[in-house]
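Line order of the protein sequences matches chains S and V.
761 is the number of the first residue of the first sequence in the numbering used here; add one for each residue after it.
761 is the number of the first residue of the second sequence in the numbering used here; add one for each residue after it.
Any given hint might turn out to be false.
The list makes no distinction among identical chains, and a pair is therefore deemed to hold if it is satisfied within one copy or across any two copies.
Here are the simulated lysine-lysine pairs, DSS-like style, with alpha carbons at most 27 Å apart [what the hints assert, rightly or not]: (1) Lys996 x Lys1010; (2) Lys853 x Lys817; (3) Lys974 x Lys853; (4) Lys841 x Lys853; (5) Lys1010 x Lys810.
Simulated from the structure, these hints should not be mistaken for lab results.
Since we're looking at a predicted model, the values are computed, not measured.
Number of protein chains: 2
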Amino acid sequence: MEATVIALDAMGGDHAPAVTVEGAVRAARELGLEIALVGREDEIRRELAKYKISGLKLRIVHASEVVEMAEHPAQAVRQKKDSSIRRAMELVKRGEAGGVFSAGNSGAVMAAALFVLGRIEGVHRPALAAVFPVRNGHTLVADIGANTECEPHNLMQFALMGAAYMERALGVRRPRVGLLSNGEEETKGNALVQATYPLLRQTALNFIGNVEGKDLPMGIADVVVCDGFTGNVVLKLAEGLAEFLLSTLKAELTRDPLSLLGAALALPAFRRARRRLDYAEIGGAPLLGVDGVVLIGHGRSNAWAIRNGLRMTQLAVDGRLVATIREGLRALAGTPAGAQAG
Amino acid sequence: MEATVIALDAMGGDHAPAVTVEGAVRAARELGLEIALVGREDEIRRELAKYKISGLKLRIVHASEVVEMAEHPAQAVRQKKDSSIRRAMELVKRGEAGGVFSAGNSGAVMAAALFVLGRIEGVHRPALAAVFPVRNGHTLVADIGANTECEPHNLMQFALMGAAYMERALGVRRPRVGLLSNGEEETKGNALVQATYPLLRQTALNFIGNVEGKDLPMGIADVVVCDGFTGNVVLKLAEGLAEFLLSTLKAELTRDPLSLLGAALALPAFRRARRRLDYAEIGGAPLLGVDGVVLIGHGRSNAWAIRNGLRMTQLAVDGRLVATIREGLRALAGTPAGAQAG
Chain S
761 MEATVIALDA MGGDHAPAVT VEGAVRAARE LGLEIALVGR EDEIRRELAK YKISGLKLRI
821 VHASEVVEMA EHPAQAVRQK KDSSIRRAME LVKRGEAGGV FSAGNSGAVM AAALFVLGRI
881 EGVHRPALAA VFPVRNGHTL VADIGANTEC EPHNLMQFAL MGAAYMERAL GVRRPRVGLL
941 SNGEEETKGN ALVQATYPLL RQTALNFIGN VEGKDLPMGI ADVVVCDGFT GNVVLKLAEG
1001 LAEFLLSTLK AELTRDPLSL LGAALALPAF RRARRRLDYA EIGGAPLLGV DGVVLIGHGR
1061 SNAWAIRNGL RMTQLAVDGR LVATIREGLR ALAGTPAGAQ AG
Chain V
761 MEATVIALDA MGGDHAPAVT VEGAVRAARE LGLEIALVGR EDEIRRELAK YKISGLKLRI
821 VHASEVVEMA EHPAQAVRQK KDSSIRRAME LVKRGEAGGV FSAGNSGAVM AAALFVLGRI
881 EGVHRPALAA VFPVRNGHTL VADIGANTEC EPHNLMQFAL MGAAYMERAL GVRRPRVGLL
941 SNGEEETKGN ALVQATYPLL RQTALNFIGN VEGKDLPMGI ADVVVCDGFT GNVVLKLAEG
1001 LAEFLLSTLK AELTRDPLSL LGAALALPAF RRARRRLDYA EIGGAPLLGV DGVVLIGHGR
1061 SNAWAIRNGL RMTQLAVDGR LVATIREGLR ALAGTPAGAQ AG
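The shape of chain S in the complex, shown without the other chains (with noise of 0.2 Å):
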């Protein structure tokens, strides 16, 4: 396959440009991705300086501007012409890029993405979804917070994209498709849930049915879909309640000397349970329905996390999953449910 080149959002993230750079040292020396750093050169070449790059396919696009992670996300974006996130999506809008990583705004990296890329053509609302660590794998949950308010045709289109990115990005074949609901019967749900569960059933999709809050962390399902409001309470309780759980045992194994003793042994058991469900490991939330590959990472991402951030939009780019959602969404206009959703 011919190299591709990832443009990495630079100045995107808590601790850019430092952890960024670092990220894309890491993923050019250890994955040998070619990659774009769009940033304020100055800035990025301080960094880069630190490190033995000879060799690496790196290289800098200026752009002087940089959209802040408490500015208002469209604003920002429709007046800093030159910000690192607006130049990065231009890359790929003129194919000199497969795909855009960022740990910036995420709203504005949303609106960048949607000003600059547009979206797929039969795209009525694209969206963000998260990959979860779940038993035996992943699980991708869409929509997980660009859409409040969903119709039915919205909840199709996710589990149809999501379903894309698990197949193109991470190679699960024929994912299973679950819709999030109150119960596993046909007849459970909100009013949105009851309408989508029949068109779902019409799709050529691996339709599950539904599924359950406790199905997630259980991995009964390769995609999950749901309204981006349901989908935002699950990820935010899915990491508030890793962090209470952990501190919960944390403080009582340091409350006794003999556990203390025997948490000390068993650490490295601990740091491969803290691995398996780190979200660091799987690499950023992709954007989903815009013309082109587009992850966005925590804003608290660390270099590992951008390490696997970019080697993510490399898989997704590889995959062909913009192709692959495009030409899944002709196919489904052809059938009963596409005609349905209009």
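Given chain S, put chain V in place with the hints provided.
Using the frame of chain S, we list chain V on its own:
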């Protein structure tokens, strides 16, 4: 305070009547509770024979029928006039018991409560609530599944009833009430949340605004309100995730001998952590808004969970939960928020 009889649905739950009777014996012995065991007299008597019960305030109220876990709730309750769950509710209705605890078919418990006890005057829709262990205490979430679709005035009543429970049964002063949303700002949320926010702000409740999924385990609020679809997803995700995290940790801890030794040394700490995170410590899900104290236990409840459920039922009765909700609703009806809510 005058002792009150608590009615226990002795036939409700996966392991009834063995664990229900054992739980009742423990509650009577350890807490001095007075309990009416409702169900098949011969079966209950056989279980009671396993314990020393002289001096304990336990009596049997015979009911010949049982609503099974898999039965259609409303239909079964209507047809089985001599079912343990109906007979238990009737004890409350006649003033012979202060409240009911059941670990049986939760739909049937709700149906029986509505059918026999009815709603408190002014309650539009009763809510099923769950009490979660969180950092530094507990948080009640309502609704967790009784009402899949909700209106703003439903959520307002859930808030009032949930706060009454946390105050009267768990002794939390001026419970902080949060509205579950996809962001903290007042402008966040789906249509339901955005319409509920101003209503809650007009009440006398200690409303702290929107809370996110991650805030829940952190104990930011004592009461979190949401529609029953979202609440059900939250409840089941929390259960599934806790199980997944602990099983992942366990798998890693048993992968090498040193970790295994460490885990063995730290076993008391693990037990303490598990106990702090255990739903069975808390004692069941209150059904709020029916004209009587009704708590529903997990079908998988063990004797310890039954004992704690009986204890919480007693605390809610002693705390005058129903009267508090009734007075709260009356006071609310005289406010602008109450008037708006019709």
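Which hints, by number, does the structure contradict? When the structure is compared with the hints, numbers 3, 5 turn out to be violated.
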